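Asks: What follows is each chain in one-letter form.
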Amino acid sequence: MKVLLGIGGSDDSIRALEKTAERAADTGDDLTVAIVENPSVEHSREDIEQKVTTVLDEFNLDAPIQHLEGDPGSALVDKAENEGFDQLVLGGGQTSPMGKIQVGSIAEFVLLNSHVTVTLVR
Amino acid sequence: MNTRTYSDAVADPYEAPPLSFTDREERTIEVRPYEGDEAEFEALVEMYDSFDPSDRAQGIPPGREDRIRDWLDNILDDECLNAIAWHGDEVAGHATLVPDGDAYELAIFVHQEYQRAGIGTRLIKALLGYGRESGVEKVWLTVERWNRAAVGLYKTVGFETSDAESFELEMTIRLNPSDE
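Line by line, the protein sequences are chains A and B.
Using my numbering, you'd call the opening residue of the first sequence number 49 and step up by one each time.
Using my numbering, you'd call the opening residue of the second sequence number 5 and step up by one each time.
Careful, some of the hints might be misleading.
Only pairs whose alpha carbons sit at most 30 angstroms apart, straight line, appear in this in silico DSBU-like list of lysine-lysine [said to hold, decoys possible]:
no.: 1; chain 1: A; residue 1: K67; chain 2: A; residue 2: K127
no.: 2; chain 1: B; residue 1: K159; chain 2: A; residue 2: K148
no.: 3; chain 1: A; residue 1: K148; chain 2: A; residue 2: K67
no.: 4; chain 1: A; residue 1: K50; chain 2: A; residue 2: K127
no.: 5; chain 1: A; residue 1: K99; chain 2: A; residue 2: K67
no.: 6; chain 1: B; residue 1: K142; chain 2: A; residue 2: K148
These aren't lab readings, by the way, just hints derived from the structure by calculation.
Source: prediction; values computed, not measured.
Model the full assembly from the supplied sequences, consistent with the hints where possible.
Replies: Listed below in structure tokens is the structure:
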């Protein structure tokens, strides 16, 4: 299966990266990692790429890492639809101090707009 | 980092618990602050363990007893303010303020056997009274926008919408003047 993981550097997106990499190592999924700009995240793209490389190495995956510019949600949906991906994977949201799940703005856009199957990792 | 907007005006000064009232089903309901004893904790676990899953909001209360206990440990911490609506020894509802930087996040749950009896309104007012009395300045919450009953309740007690752009509505209220 051809899987596109979108990552903007939030904690939940890092968790999604780890779980997706683990799964790809098990199943042989054809994984691509797309780094996007998440305005609510402070990490630089270089930091995120470094993290992605570390996790991919840990699972011996040779997955391409790409940087997407512009609005993150629409860039991910465009890429997933135009390049024949079977699944678009994102972090499943942060939790508030109360413990409420809060879906991020990128996931909101993707869920409502993507014609490709979306997975939110919890 | 968060830029929530709060009214400059302070909300009505609601009465702080303990207090009691008769609900629309003629039940005597007492609202008391959570004191931290084991019987209270177990009564809360019991309420959430039988909580209607369709009344869950954004993943809480969680759906398994061990997760309920972990979640309660977190929100019944000394830093949090909790008010419980009691019908005898049974918990009818629970409302909580959990610290979040310079503000508090609010949530309220009324067990399905006690809904539509006016308990939610009295309980949230009591919690806001408790918060005001304890010096809490700012309170925020999120609510699923289709949940009209809840949105109506929050508006009635003085919450204003601060963010309508996401899946959930975000609402805020000010309980004490800013000390800046």
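Asks: Now tell me if each hint is right for this structure.
Replies: Taking the hints in turn, this is what the structure says about them:
1. The straight-line distance between the Cα atoms of K67 of chain A and K127 of chain A is roughly 21 angstroms, inside the 30 angstroms bound, and the hint therefore holds.
2. The hinted pair formed by K159 of chain B and K148 of chain A meets the criterion: a straight-line CA distance of about 20 angstroms does not exceed 30 angstroms.
3. A C-alpha spacing of about 22 angstroms is found between K148 of chain A and K67 of chain A, which places the hinted pair at or below 30 angstroms, so the restraint holds.
4. Proximity of K50 of chain A to K127 of chain A is assessed by CA-CA distance (about 12 angstroms); at most 30 angstroms being required, the pair is judged to hold.
5. Between K99 of chain A and K67 of chain A the alpha-carbon distance is near 14 angstroms, which keeps this suggested pair within the 30 angstroms criterion.
6. Pair hint K142 of chain B plus K148 of chain A holds up; C-alpha atoms about 19 angstroms apart against a cutoff of 30 angstroms.
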